[in-house]
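Residue numbers (this note's numbering): 17 to 172.
Because the hints were derived from the structure by calculation, they are not lab data. We put the beta carbon where it would ideally sit given N, CA and C, even for glycine. It is possible that part of the hints are untrue.
As the list claims (entries may be wrong) - Below are the DSS-like pairs computed for lysine-lysine, each with C-alpha atoms no more than 25 Å apart in a straight line:
| no. | residue 1 | residue 2 |
| --- | --- | --- |
| 1 | Lys70 | Lys149 |
| 2 | Lys153 | Lys70 |
| 3 | Lys70 | Lys155 |
| 4 | Lys47 | Lys70 |
| 5 | Lys157 | Lys95 |
| 6 | Lys70 | Lys157 |
| 7 | Lys149 | Lys95 |
| 8 | Lys155 | Lys95 |
| 9 | Lys95 | Lys47 |
To be verified - Distance windows between CB atoms, simulated:
| no. | residue 1 | residue 2 | range |
| --- | --- | --- | --- |
| 10 | Val73 | Gly135 | 24 to 30 Å |
| 11 | Lys47 | Ser107 | 18 to 24 Å |
| 12 | Thr162 | Thr68 | 19 to 25 Å |
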Amino acid sequence: MRMFSLLSAVLISATLAFAQIAPTKPMASSKELTPFEQELINNQHQFTQAFTDKNIVYVNQSIADDFRGIGTNGDFYDKEELAGIAHYGTSPDVRVYEMQVVRLADDAAVVTYNLIIPGAHPRYRHMSDTWAKDGGKWKLKFQQLTANLWSATDYD
17 MRMFSLLSAV LISATLAFAQ IAPTKPMASS KELTPFEQEL INNQHQFTQA
67 FTDKNIVYVN QSIADDFRGI GTNGDFYDKE ELAGIAHYGT SPDVRVYEMQ
117 VVRLADDAAV VTYNLIIPGA HPRYRHMSDT WAKDGGKWKL KFQQLTANLW
167 SATDYD
């Protein structure tokens, strides 16, 4: 019994230690991106960079007026609240990786990705952003943040 407890403790510790290691670069994809997927991924990167740069104008122009979001706590937020974050900016250490595009139509898609925000709680998040073209420009219509359960209680 004692050996089982010790083995369990070692396995749990090793699992937790491995889980704390964040990827430093995007995982390689086995397929080439289509022009549509590349356009959405570039758009997502520009949107994320606009927060780092405190580019309030770009952020406001990129969010649809009828935008809705759901935070990690389950609360809804709107365009004004999301755009307000741009005033404060985000850390240049924020990392976005494992982006995938799900095409809904020629003018709509969901971009899913993982996000690491050092010092934030929760630090590791799964993100889903729904984009739709409006007047030829991509606009963020919906966003949902989900905490990685294995990191939900992490503190820096």
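Hint check against the structure, violated hint numbers in rising order
4, 9, 11
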